[in-house]
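Student: Residues per chain, in single letters:
Number of protein chains: 4
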Amino acid sequence: MPGSSFGNLFRITTFGESHGKAIGVIIDGCPPNYNIDSKKLQEEMDRRRPGASKVTTQRKEEDKIEILSGIFENKTLGTPISILIHNRDNRPDDYDEIKNKFRPSHADYTYFKKYGFFDYRGGGRSSARETASRVAAGAIAKQILKTKDIEIIGYTKQIYDIFARIKDPSKITLKDVEKNIVRCPDPDAAKDMEELILNTKEEGDSLGGIVECVIKNVPTGLGEPVFDKLEAELAKSMLSIPAVKGFEIGSGFSAVYKKGSEHNDIFIKDNEQIKTTSNNSGGVQGGISNGMDIIFRVAFKPTATINKEQKTVNTKGEETSIHPKGRHDPCVVPRAVPIVEAMSALVIIDNILMQETKKIS
Amino acid sequence: MPGSSFGNLFRITTFGESHGKAIGVIIDGCPPNYNIDSKKLQEEMDRRRPGASKVTTQRKEEDKIEILSGIFENKTLGTPISILIHNRDNRPDDYDEIKNKFRPSHADYTYFKKYGFFDYRGGGRSSARETASRVAAGAIAKQILKTKDIEIIGYTKQIYDIFARIKDPSKITLKDVEKNIVRCPDPDAAKDMEELILNTKEEGDSLGGIVECVIKNVPTGLGEPVFDKLEAELAKSMLSIPAVKGFEIGSGFSAVYKKGSEHNDIFIKDNEQIKTTSNNSGGVQGGISNGMDIIFRVAFKPTATINKEQKTVNTKGEETSIHPKGRHDPCVVPRAVPIVEAMSALVIIDNILMQETKKIS
Amino acid sequence: MPGSSFGNLFRITTFGESHGKAIGVIIDGCPPNYNIDSKKLQEEMDRRRPGASKVTTQRKEEDKIEILSGIFENKTLGTPISILIHNRDNRPDDYDEIKNKFRPSHADYTYFKKYGFFDYRGGGRSSARETASRVAAGAIAKQILKTKDIEIIGYTKQIYDIFARIKDPSKITLKDVEKNIVRCPDPDAAKDMEELILNTKEEGDSLGGIVECVIKNVPTGLGEPVFDKLEAELAKSMLSIPAVKGFEIGSGFSAVYKKGSEHNDIFIKDNEQIKTTSNNSGGVQGGISNGMDIIFRVAFKPTATINKEQKTVNTKGEETSIHPKGRHDPCVVPRAVPIVEAMSALVIIDNILMQETKKIS
Amino acid sequence: MPGSSFGNLFRITTFGESHGKAIGVIIDGCPPNYNIDSKKLQEEMDRRRPGASKVTTQRKEEDKIEILSGIFENKTLGTPISILIHNRDNRPDDYDEIKNKFRPSHADYTYFKKYGFFDYRGGGRSSARETASRVAAGAIAKQILKTKDIEIIGYTKQIYDIFARIKDPSKITLKDVEKNIVRCPDPDAAKDMEELILNTKEEGDSLGGIVECVIKNVPTGLGEPVFDKLEAELAKSMLSIPAVKGFEIGSGFSAVYKKGSEHNDIFIKDNEQIKTTSNNSGGVQGGISNGMDIIFRVAFKPTATINKEQKTVNTKGEETSIHPKGRHDPCVVPRAVPIVEAMSALVIIDNILMQETKKIS
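Residue numbers (my numbering), protein chains in the order written: chain H, 1 to 361; chain L, 362 to 722; chain Y, 723 to 1083; chain Z, 1084 to 1444.
You may find that some hints are simply not true.
[Stated by the list, open to error] Covered by chain H, per the in silico footprint, the following chain Y stretches (three or more residues, Cβ under 8 Å):
| hint | stretch |
| --- | --- |
| 1 | 749 to 760 |
| 2 | 1023 to 1034 |
[Unchecked claim] Here are the in silico distance ranges between beta carbons for each label pair:
| hint | chain 1 | residue 1 | chain 2 | residue 2 | range |
| --- | --- | --- | --- | --- | --- |
| 3 | L | Lys536 | H | Glu319 | 58 to 68 Å |
| 4 | Z | Asn1300 | H | Glu43 | 23 to 33 Å |
| 5 | Z | Asn1300 | H | Lys39 | 51 to 61 Å |
| 6 | H | Glu319 | L | Glu404 | 36 to 46 Å |
[Stated by the list, open to error] In silico SDA-like links for lysine to any residue, alpha-carbon gap of 20 Å or less:
| hint | chain 1 | residue 1 | chain 2 | residue 2 |
| --- | --- | --- | --- | --- |
| 7 | L | Lys507 | L | Lys460 |
| 8 | Y | Lys991 | Z | Phe1201 |
| 9 | Y | Lys1030 | Y | Leu920 |
| 10 | Z | Lys1143 | Z | Ala1105 |
| 11 | L | Lys507 | L | Glu680 |
| 12 | Z | Lys1399 | Y | Lys1030 |
| 13 | Y | Lys997 | Z | Glu1392 |
| 14 | H | Lys258 | L | Leu559 |
| 15 | L | Lys669 | L | Asp510 |
| 16 | Z | Lys1342 | Y | Asn921 |
| 17 | L | Lys460 | Y | Asn921 |
| 18 | H | Lys269 | L | Glu680 |
| 19 | L | Lys636 | L | Asp510 |
| 20 | Y | Lys991 | Z | Glu1285 |
| 21 | Z | Lys1391 | Z | Asp1376 |
Rather than coming from a laboratory, the hints here were simulated on the basis of the structure. Quick reminder that beta carbons are idealized off the backbone N, C-alpha and C, glycines included.
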């Protein structure tokens, strides 16, 4: 409950400040005897890693993971898996200018009020660096889900006012997504997005956008009624990602513009399987997966750190101004894609384990 | 973890099926020595109660609450508060037509797959009737929050394509909201909404909409970093309400259309207090309240039960059709307002208790 | 965490004060589709019920259970099971004498310090009456465990200085235990115990004793390593019962008097099964069940309420004396037997559900 | 819930196998702004460290702790504290003899049944090496408790049949305990114990014993009623320590030999404070601390690893024999003292934080 853990049965706990020695994650409850391919783990880390393309921050982090326990001879032991990611590219001097000043729309002020002091080394625990730990844990979850044919595909759906045209979200593959550095499966939109991001970076400004995520081959019956509905867990997991301002599933906010007779998903029989003709439910009904693809969207605000002077207040309560010179992400959306996927994987695997408790074998 | 509990320190557990003897809620962790006005509890129940106006279902439920424990001589004891709400207006014969048929966009099919049987009495646990228990628990939380001047005001922001014009959400009062049966503080929009709902009911169809909610006088520092961010808890609580398809806080999905320099909330000093000139953050930064009003929106889909024939599949997997004749809500939004407020109250009080643990007195 | 819940996956929450309207329990996470025989539930309640024999308190409680939800047509639904037990035999006037005085070795003083007030109606939440709710929940767990051949047999092992001679704990049956009102399977000891209890009651004094409990046919592999070891959960569950001062498993405290070479349980092969020749481990090794009978003992102190004048202090901090005239249990041990069994059943079923999560089916 | 976490608000998660790269612990929920003296942390580690005296195993571990996060400039940040302890003295060849054989009264067989494979490197997660992580976490808790004058003193009360004579447990100091290598404050008994341990080691055999622990200056009001009683949490924490077979608080099992009139602790007024003339309650009444010293005892079985040939069964289910030649502890009790203290500190601090939630400041 103090906030650094997520999940109940496949339970992760992350730790580490952005400017400390290391960050990392403990996974407790991972079932035993699953093969883990550590090369693929690292590949997943590299998708989130900063400095990997020209649309991301130039802060360089290798993000090499070190597994300390829980996996032996490439197999999960059933014991806690602990993963360490050392911090390397610390430049505390970059932070001199911002020392004791509350960066607008960052967590500096709220942490100061919550904990009673100011960690002048930069975001510390509130830094998006923490999400590297989530991607590591999610990558393990993904490999286990893969053995059940469950696949999670996230992609950039929108940057500022540029939309991707996606005909059939169910058909998007990881390869489609990884074709370009903005992780948008619509190549035309991708080109425009990339250009816009670079121009905005030039201006010293930043952009937000929307990630859409599709979870395929989800077994029917996942999700716990009432408070722990599958969409509630997904919503929580997404709103826990830094910079997220909204979540919607299936028809989402556009459901408002439909009448019940248009919005209802009609059940049909398709090859001995029960399916629905539309998927406004987004794969979840009454909080429980119905076997259709789960599809949802997550809105990210523009990065709070910009290369412009802004007015603010300091820890003494005096008005002042701030102009962070450090390296920053002009748009977090492309790097957010693997984070959205990781959190999805954690929600799904936790609910799969929970569903096992419904009957005593 | 089996899903019927919410909160950690002010922890509620709801129980009861819509067609059983009773529903209810246990609140564990309520601090001792708070005055509880049971007349006000009942008033809050009446706001959610079905059959109270012509825009809601005509199913009649008195929703009289009975307090069995935890409150003595109008004071909280610190022991579990248990509240019972008896079910009265059960008409199982109404459900004959739907027996063994999966109602479209309801939880019938998913519960059938999750639990291995079909509760032919209607929604059972997935019924929105369960939310009466939440309103009861939330009403207690609200009374305690009131002693700290924290107030929660929800209202109908949109029904179908009719928007309320709200100049300053912070100024809306409960009285403004309760002036009309759609709970919309814009009287012109309210009139149009009411008319549209009644017409749609006539057609046998249903509508969705958006509830906006403002939480005032929230102390700075609430919310637990990383996974239990305040907005993550709010998102989870809202997506756990039946028929909800989306959640957004502050600028929400519209954040996408702003650049960082426009979106950032600038800190200023206002009468010895630190405030922000805009509130795109929605009162939460880095997962922690910053003292500004918390403001968020929740999207509700149109009611799944409609008075029209629809195709579907039955428990044997055969295609069939269904035409529920029962009473239904043409639009859940007006009755959803107190539910949104109740869940907000539960999130806030839980986080207030959590914040107490940050220092040892 | 606020203390009224037990278990994680088969999670119970009890509520109610001894002198309020009712007490009860919610069970969340009970698997669906299990038959529940409500007559047998009531029989289990009757074993714990006060006033049932001359060795227990004469406070009369019918302890009739009312099931409000979660069970339909004698089957578990998978939804929360809620059980109500109305309080009937309240005589608040009995409590006049003790009003505002801290009864020695009761919870009056500590509750007063914890919650800041004094519930003059008697023990309230700290009363052993609360354990009726546990027995109800345990009785449901027992019926489900029975389908897996798991049986739990508790009995009185010792009262004051009278020991039961038990040759083979594994062979004791419920019938052996229920043969006499002290629930001791050694008939000679039982007779002495009964006599001693009645004499002590005559003196206005009270006695303690030891309950031994055997859990048969436990599957190998139950218990979670490190902190949630099976014996740790059992210990917690037992020490949560009012008046319990100690817990030991297998050899227990007497292990101290053996050397490793004598204490180690040697593995052998017995009819294609792996067993141990002795059972000093008490059926648990490294926190995990090894398939042998689980056997443990629980020490109960003499009842704190006695019919004698004692010195004490009142809520104003003044020294005074107290002489409770109310009805009391001269020895709680016979009635504690079903409580010990109930808590055991709850621990075992929770761990069975947990073990299901070790592999994804 | 998967077992590697302890506590709710001061929540620790341990990780690491005895023969992996490292073990460690994450502490989530540690309040901010407390000074931590890392030299004292290491001293506490050294008390538990193997190889430190002739009565412990000769396995050499430096047990140097490395703090990766959560503490900055010697102050707690309020963020997760992560501590790493590297494993150094691994000699996998020592384990050749035991490969695929179930060591009697170890966790080999139960882990094999639970997880479906055999970690031939030795105990792995079930090894007592894991307790080093607990001592590290407990040492931080102790330093915080010290600021509230709360002190925890454990000591060896009994080894085999040698008892320490302790006149007044409340007067024992850390210095008294650390005067000898068996950690027994009675110097005469200590001498005998040391001699007995060395002789038993010579024989290749092992011994058990009893640790007694006193917690001083505990605030009144700690502990959550019903299931999370203070003694229940202590019992769970103690039974989670490897080799523990029993727990008793206050009068413990000897309570059985007293009548109520002898056992009740009489309240008196002492210098404006309410105290009891005896302390059979062990400082806890109704699950809540009453301000008297908390006093309890923990029984440890003789070490399972002995230097003698024993019959056993291997992973194929064949009968065989085993004679581990490795280094082992002839008696774990002296090294168990700091572990008992650490678990006590974790229970107390968690309950102090919980008590803060009883009133909203």
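Student: Does the structure break any of the earlier hints, and which numbers would those be?
Tutor: 2, 3, 4, 7, 11, 12, 15, 17, 20, 21
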